[in-house]
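**Q** With these hints in hand, go ahead and build the complete structure from the sequences.
Position in the sequence shown (first residue = 1) + 603 = the working numbering.
Derived from the structure by calculation, the hints contain no laboratory data. Honestly, I wouldn't trust all of these hints.
Capping the alpha-carbon separation at 35 Å, the derived lysine-lysine pairs in DSBU-like fashion look like this [to be verified]:
1) Lys701 with Lys641
2) Lys701 with Lys665
3) Lys665 with Lys737
Source: prediction; values computed, not measured.
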Amino acid sequence: MTPIPRLAITALALASASMLPPGTLRAQNAPVGIAALKHTAADVHFMSGMIHHHAQAVLIAKWAPTHGASAELQRLCERIVVGQRDEIDLMQNWLRDKGEPVPEATDAGPMKTQHEGMTHEMVMPGMLSADDLKALDASSGAAFDTLFLTFMIRHHEGALTMVEELLASPGAAQDETVFRFQSDVFADQSTEIRVMQQMLAARGVRNGA
Numbered sequence: 604m605t606p607i608p609r610l611a612i613t614a615l616a617l618a619s620a621s622m623l624p625p626g627t628l629r630a631q632n633a634p635v636g637i638a639a640l641k642h643t644a645a646d647v648h649f650m651s652g653m654i655h656h657h658a659q660a661v662l663i664a665k666w667a668p669t670h671g672a673s674a675e676l677q678r679l680c681e682r683i684v685v686g687q688r689d690e691i692d693l694m695q696n697w698l699r700d701k702g703e704p705v706p707e708a709t710d711a712g713p714m715k716t717q718h719e720g721m722t723h724e725m726v727m728p729g730m731l732s733a734d735d736l737k738a739l740d741a742s743s744g745a746a747f748d749t750l751f752l753t754f755m756i757r758h759h760e761g762a763l764t765m766v767e768e769l770l771a772s773p774g775a776a777q778d779e780t781v782f783r784f785q786s787d788v789f790a791d792q793s794t795e796i797r798v799m800q801q802m803l804a805a806r807g808v809r810n811g812a
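**A** Rendered as structure tokens:
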């Protein structure tokens, strides 16, 4: 029998592959999808805590129009409100689908957890204290701009810490929704931190100080 040249075999294989529907080879060779994996307690803690974290960001961003913020800052705040409200909806739906307790979208206070019959409060990293909120609410105009940017940089850095803590937890972020969401949070808030640092620098303030 006449041997078939290797190049001919390769060409035949490529031609056959090209006739398959897009993604077929990828699907045949892919491992089990992360969507099939179970969520963890760390996933629930992250999603629940981030609802509180986002709720506070939305709360203070909505102050911009009433506190004499610059047009530039008001535009940033509008993006924060719209983007983080949508993400709160995503997190609430995920928790609901998993049969977990769902924090209110407007609950900007500490996260409450139950342990041995007792309620414990946990403040998420970077969140403003009651005194911080009072100081920001009492400011206006350029002072509001500077204080808001300073606080929101810290707030965003806290969100990055939450992502890092999630990824450090064994088995966490394997659920597809959680994995994609934490990736978006890290990318989006890292970008916004750089934008806000530039806005502060333009006002003669460096590194949120």
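**Q** The structure should be examined with respect to each hint, and the outcome stated for every one.
**A** How the hints compare with the structure:
Among the hinted pairs, Lys701 with Lys641 is consistent with the structure: their alpha-carbon atoms are about 10 Å apart, no more than 35 Å. Simply put, Lys701 and Lys665 have alpha-carbon atoms about 31 Å apart, close enough for the 35 Å limit, and the pair holds. Annotation: proposed proximity of Lys665 to Lys737 holds, straight-line Cα distance about 15 Å (limit 35 Å).
When held up to the earlier numbered hints, the structure conflicts with none and fits them all.
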